[in-house]
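*Asks:* Spelled out from the first residue to the last, the chains are:
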Amino acid sequence: MNDLTAREKLKPAGGSPPPDQPLYATRQKVYPKAVAGPVRRAKWAVLIVCLALYYLVPWIRWDRGPGAPDQAVLVDITHGRLYFFFFEIWPQEVYFLTGLLILGAIALFAATSLFGRVWCGFACPQTVWTDLFMWVERVIQGDRNERMRLDKAPWTAEKWRKKILTHAAWLAIAMATGGAWIMYFNDAPTVLREFFTGQAGMGVYFFFWLFTGTTYLLAGWAREQVCTYMCPWPRFQAAMLDENSLVVSYRAWRGEPRGKLKGEGHGDCVDCMACVNVCPTGIDIRDGQQLECIGCGLCIDACDDIMKRLDRPIGLIAFETLKNIASSEAATRSIPPCAARTQAGMQVRHVPKFIRARTLVYAGVLTAVMGVMLGAWLLRQEVTLAVLRDRAPLYVRLADGGVRNAYTLKIANKTREAGQLTLAFESAAPLTLAIQEAPEAGENRFTVNTRADGLTEWRGLATLPAGARVQESTPVTFRLLDARGRTVARTSSVFLAPHHEEHRR
Amino acid sequence: MPTKIEKDALTGTNTTGHEWDGLKELNTPLPKWWLYVMYATIAFSAVWVILYPAFPFQGATGVTGWIAREAVVQDVAAANERMAPMMNRLRAATPQQIAADPELRAFAMAGGRIAFANNCAACHGAGGQGAVGGFPSLADDDWIWGGSYDAIHQTIAHGIRNEEDDEARTSMMPRFVADGVLTPAQVNDVASYVVSLAGDADPGQAAEAERGKPLYAENCASCHGDTGEGNRDVGAPRLNDRIWLHGADRHAIARFIANPRMGVMPAWAGRLDPATINMLTVYVHALGGGEN
Numbered sequence: 001m002n003d004l005t006a007r008e009k010l011k012p013a014g015g016s017p018p019p020d021q022p023l024y025a026t027r028q029k030v031y032p033k034a035v036a037g038p039v040r041r042a043k044w045a046v047l048i049v050c051l052a053l054y055y056l057v058p059w060i061r062w063d064r065g066p067g068a069p070d071q072a073v074l075v076d077i078t079h080g081r082l083y084f085f086f087f088e089i090w091p092q093e094v095y096f097l098t099g100l101l102i103l104g105a106i107a108l109f110a111a112t113s114l115f116g117r118v119w120c121g122f123a124c125p126q127t128v129w130t131d132l133f134m135w136v137e138r139v140i141q142g143d144r145n146e147r148m149r150l151d152k153a154p155w156t157a158e159k160w161r162k163k164i165l166t167h168a169a170w171l172a173i174a175m176a177t178g179g180a181w182i183m184y185f186n187d188a189p190t191v192l193r194e195f196f197t198g199q200a201g202m203g204v205y206f207f208f209w210l211f212t213g214t215t216y217l218l219a220g221w222a223r224e225q226v227c228t229y230m231c232p233w234p235r236f237q238a239a240m241l242d243e244n245s246l247v248v249s250y251r252a253w254r255g256e257p258r259g260k261l262k263g264e265g266h267g268d269c270v271d272c273m274a275c276v277n278v279c280p281t282g283i284d285i286r287d288g289q290q291l292e293c294i295g296c297g298l299c300i301d302a303c304d305d306i307m308k309r310l311d312r313p314i315g316l317i318a319f320e321t322l323k324n325i326a327s328s329e330a331a332t333r334s335i336p337p338c339a340a341r342t343q344a345g346m347q348v349r350h351v352p353k354f355i356r357a358r359t360l361v362y363a364g365v366l367t368a369v370m371g372v373m374l375g376a377w378l379l380r381q382e383v384t385l386a387v388l389r390d391r392a393p394l395y396v397r398l399a400d401g402g403v404r405n406a407y408t409l410k411i412a413n414k415t416r417e418a419g420q421l422t423l424a425f426e427s428a429a430p431l432t433l434a435i436q437e438a439p440e441a442g443e444n445r446f447t448v449n450t451r452a453d454g455l456t457e458w459r460g461l462a463t464l465p466a467g468a469r470v471q472e473s474t475p476v477t478f479r480l481l482d483a484r485g486r487t488v489a490r491t492s493s494v495f496l497a498p499h500h501e502e503h504r505r
Numbered sequence: 506m507p508t509k510i511e512k513d514a515l516t517g518t519n520t521t522g523h524e525w526d527g528l529k530e531l532n533t534p535l536p537k538w539w540l541y542v543m544y545a546t547i548a549f550s551a552v553w554v555i556l557y558p559a560f561p562f563q564g565a566t567g568v569t570g571w572i573a574r575e576a577v578v579q580d581v582a583a584a585n586e587r588m589a590p591m592m593n594r595l596r597a598a599t600p601q602q603i604a605a606d607p608e609l610r611a612f613a614m615a616g617g618r619i620a621f622a623n624n625c626a627a628c629h630g631a632g633g634q635g636a637v638g639g640f641p642s643l644a645d646d647d648w649i650w651g652g653s654y655d656a657i658h659q660t661i662a663h664g665i666r667n668e669e670d671d672e673a674r675t676s677m678m679p680r681f682v683a684d685g686v687l688t689p690a691q692v693n694d695v696a697s698y699v700v701s702l703a704g705d706a707d708p709g710q711a712a713e714a715e716r717g718k719p720l721y722a723e724n725c726a727s728c729h730g731d732t733g734e735g736n737r738d739v740g741a742p743r744l745n746d747r748i749w750l751h752g753a754d755r756h757a758i759a760r761f762i763a764n765p766r767m768g769v770m771p772a773w774a775g776r777l778d779p780a781t782i783n784m785l786t787v788y789v790h791a792l793g794g795g796e797n
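Quick mapping for you: the protein sequence lines, in order, are chains A and B. Going by the working numbering, the first sequence opens with residue 1, and the numbers climb by one from there. Going by the working numbering, the second sequence opens with residue 506, and the numbers climb by one from there.
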């Protein structure tokens, strides 16, 4: 191919491709065959757990007392609150959510470096719902061969019936999916009643139809196209995998040369295509690692089944590391296909190295992020005090030559009870604080009321008497004290004054 | 034109036949549905152009008749309708009543802040800090026409020295040099005396200040008071404090006595809703200088 004449022929391209080279590929419909085995059972288990969580979690009740929603998991957009069992956060604490997303991402990296694309193959919503939709399809239209026949068959009443039934079932599942989504953002029983009486808001119906539509399209129609063409994860998974990751692999050293069972000098692969027929993305695992492979491992079940029937050891396709494949390959290169070759290849395998630099880094980052989040949660204050110093003007000159700074004080009470606290103002300079609406409770102390699950705002004016000299910037502290005098919140700010010379005049 | 399709040896993918310096382009065809999605977006845009305004010409609105400006007008109307009950209460209440009711006060402070930024900040500054040259600070504790709720409300509603409102606050300081009342030298003497009233006397100017004292008593004290304490009834600013509307130094004061410039503020009663004027009163009162 590299000789000059072949290149010469290709050279002046002129921009247009050869007429028999299409620029757009027609989709090859995939008809995955049913399969049974340990991997399939694991996949069913994960599917049931994931779907049960998704559909049932909004119905879990959690008593938070009067005036608060009793739904365990609720994102209350209108009131700006996020509830997760005992956990409740305000919009300014959304970093807890960010922390969870970071944890999720790192955990995904860690899982991928250990076991390949298990997320894609087992737990990704695209996989879970596609699996469910395929099961519906199989129940109504039959297994792979029947479905292929049905698609080729003319449009008889029976075909119409099966197709309509399939799509109706898909739509029903999709609607349940869209319907469950809106329950995470509204009180589930209420929104369900409002939904059917037509009283729910535009947003509820919009998101219901959005998620119904995407579920039906992505799990019913798009399927493996999502993984192959839309999802970014297959593109960057290569950066997380290495030779020690357990990935779905075909042991070519054992299976090749593949050939008919009756033939001579063939490896263990009998070229029965069972692995290809069950593949939900329609690929051939024997071509090696490829981006279309979602790592679901159904080909393992399919191949093991064939091997058992042929009375050969299972594991021709298995979760295996590239390192082991390479060692087995090296150890069996000179041995002709026979049972001894399989044994020799399996003997040189090592236990996969789970603890390695990459996984240690992931574990370290996971631990660190969890530590930070736990710390943030433990140090989280139920009452917070925000101090916003007026910036225009930086300070106010008073008639007698004194100087005044103004502060906006915002007290957020995250508990369910209104309370009364003492606000104390402290500074090394002879400053006096005045708060217009709060009764005084001693020198530079004020009684402030807090609103249950709400904000109260106060305006404080700190005054430096005429003649007193201070630095241009003096640290000041605002403190909230409870009835027993304990500090529940503390916030620092500064008091700004003109430069001495200017001050004097 | 290539005569045959070459397969890339490493990937097993067909090449397109395009070659640059020995590098060949692989042909990895896009799925057809992807192309159809692009066509669908083009079709969507065509529908959009028919339904919504898409061309920058007068009258080129879509068949739905939707216009961004009208949508804003509708949004504003809806917001006003939502606020109407609150605005009615604010209209009916006095500023004192608003300040005493936490709910009304919170609304008035928020609304007052916006109204202040829209209408007042141009002269009085974003935080009411004022500006030298006749724009008084509203955050300090010195008031020319009074700092009580009623006085602030009166000033905002009717303005100062404007010709549009008969109830506008008004007063006039004579142009002492231009009108021939005092000589420039006498004005300098008075200015030195005024500076000494504020407690900033320069020992070098003691003689001048001494000469200025009787002149002050004769010409200024009737409005500004014997000791410079000012008179809010006629808007004569206090002189014995550290706050100066037109500059604190002797020369600025002398210039002002010679040829004063009197500040003007428009009346807002006709321009703003009475509820807004009430909100502004509460907001300005809370800026720092409010008096009871």
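Simulated from the structure, these hints should not be mistaken for laboratory data. Quick caveat: nothing in here was measured; it's all calculated off a predicted structure. Virtual Cβ for every residue (Gly too), placed ideally from N, Cα, C. Some hints here could point you the wrong way.
To be verified - Over 10 Å on every C-beta distance to chain A, these chain B residues come out as not near it, computed from the model:
id	residue
1	L540
2	E668
3	L687
4	R716
5	R747
6	M770
7	L792
Said to hold, decoys possible - Partial list, derived from the structure: chain B residues whose beta carbon lies under 8 Å from chain A:
id	residue
8	T521
9	P534
10	W539
11	M588
12	A589
13	D647
14	G651
15	D746
16	H751
*Asks:* Report the numbers of all earlier hints that the structure fails to satisfy, in ascending order.
*Replies:* Violated hints (numbers, rising): 1, 5, 7, 11, 12, 14 and 16; every other hint is consistent with the structure.
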